[in-house]
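Number of protein chains: 2
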Amino acid sequence: MEQRLSFITLGVKDLQAMKEFYVDKFGWKTHHDENGIVFFKLNGFILSLFPVEELAEDATVSADGQGFKGFTLAICLNSEKEVDDLFSDLGSKGVKVVKAPHKVFWGGYSGYVADLEDNLWEIAWNPFLELSPEGNVLK
Amino acid sequence: MEQRLSFITLGVKDLQAMKEFYVDKFGWKTHHDENGIVFFKLNGFILSLFPVEELAEDATVSADGQGFKGFTLAICLNSEKEVDDLFSDLGSKGVKVVKAPHKVFWGGYSGYVADLEDNLWEIAWNPFLELSPEGNVLK
Numbered sequence: 001m002e003q004r005l006s007f008i009t010l011g012v013k014d015l016q017a018m019k020e021f022y023v024d025k026f027g028w029k030t031h032h033d034e035n036g037i038v039f040f041k042l043n044g045f046i047l048s049l050f051p052v053e054e055l056a057e058d059a060t061v062s063a064d065g066q067g068f069k070g071f072t073l074a075i076c077l078n079s080e081k082e083v084d085d086l087f088s089d090l091g092s093k094g095v096k097v098v099k100a101p102h103k104v105f106w107g108g109y110s111g112y113v114a115d116l117e118d119n120l121w122e123i124a125w126n127p128f129l130e131l132s133p134e135g136n137v138l139k
Numbered sequence: 001m002e003q004r005l006s007f008i009t010l011g012v013k014d015l016q017a018m019k020e021f022y023v024d025k026f027g028w029k030t031h032h033d034e035n036g037i038v039f040f041k042l043n044g045f046i047l048s049l050f051p052v053e054e055l056a057e058d059a060t061v062s063a064d065g066q067g068f069k070g071f072t073l074a075i076c077l078n079s080e081k082e083v084d085d086l087f088s089d090l091g092s093k094g095v096k097v098v099k100a101p102h103k104v105f106w107g108g109y110s111g112y113v114a115d116l117e118d119n120l121w122e123i124a125w126n127p128f129l130e131l132s133p134e135g136n137v138l139k
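Chains C and B, in that order, give the protein sequences. Following my numbering, the residues of the first sequence are numbered contiguously, the last one being 139. Following my numbering, the residues of the second sequence are numbered contiguously, the last one being 139.
Rather than coming from a laboratory, the hints here were simulated on the basis of the structure. Model, not experiment: these values are computed from the prediction. Wrong hints could be hidden among the right ones.
As the list claims (entries may be wrong) - Okay, derived cross-link-like pairs now, DSS-like style, lysine-lysine, Cα gap no bigger than 30 Å in a straight line: (1) Lys19(C) to Lys41(B); (2) Lys103(C) to Lys93(C); (3) Lys41(C) to Lys19(B); (4) Lys13(C) to Lys13(B).
Kindly generate the complete structure, drawing on both the sequences and the hints.
Structure representation (structure tokens):
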């Protein structure tokens with residue numbers, strides 16, 4: 001199995017509100033927005049929003065679930081200042097700051113925000129991660 | 001906020017077993033494996049395995065959670081045959097097949113497997129998705 005991924009799909013309760021969150025707060029552009037599913041094209045793959053009941057049904061599992069979803073998403077920026085600036089920007093737009101950024105034990109600088117349905121986004125500066133000009137992880 | 005992602009972190013109960021699953025069953029190579037965290041470098045970002053209690057603590061949220069995690073991961077291949085072949089391969093290695101592949105309403109061909117802790121991976125052929133030679137989503 002090739003070591004890559006094509007989609008991350010978030011099962012959502014309110015598709016329209018979640019789409020608006022990613023468009024209005026994160027400033028992202030949709031790649032596809034019809035037939036009850038929304039795609040955002042990220043670096044080499046799609047972040048998809050799809051109603052949680054339909055996602056569970058597609059996978060033939062129960063949609064019942066509560067509490068911590070057991071995963072986080074992260075974007076790494078190029079400096080502590082970029083992290084601070086993004087937190088300021090998102091905070092001013094009313095995005096829920098779960099953990100304000102601060103220096104962390106592994107040598108980086110990181111905090112967390114949540115989208116409208118408690119999917120957690122870490123926003124970090126990681127001095128050990130080499131990024132391409134397009135923001136892909138090189139090593 | 002740039003429209004990209006650097007990490008997906010899966011909160012795991014058994015780090016060693018989950019690492020072995022991705023190495024032995026998916027055939028992936030680790031990128032980093034020390035200090036209680038495991039990285040796999042995918043296409044432009046890292047899939048990370050980290051103990052779920054530590055992940056929740058890092059995000060300052062409760063680690064309590066049960067049932068459907070509300071997300072799926074997917075890899076798109078180049079044909080129905082590639083999907084069938086990968087299901088055969090994974091099935092022969094004892095990977096849990098959640099949904100055997102079949103034609104789906106949106107025009108593709110798809111099924112699901114689960115890792116040891118019920119993270120769902122869809123394996124699909126999507127005739128509408130254009131992939132680069134490296135497997136990045138082009139459009």
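Does the structure break any of the earlier hints, and which numbers would those be? No numbers; nothing is violated.
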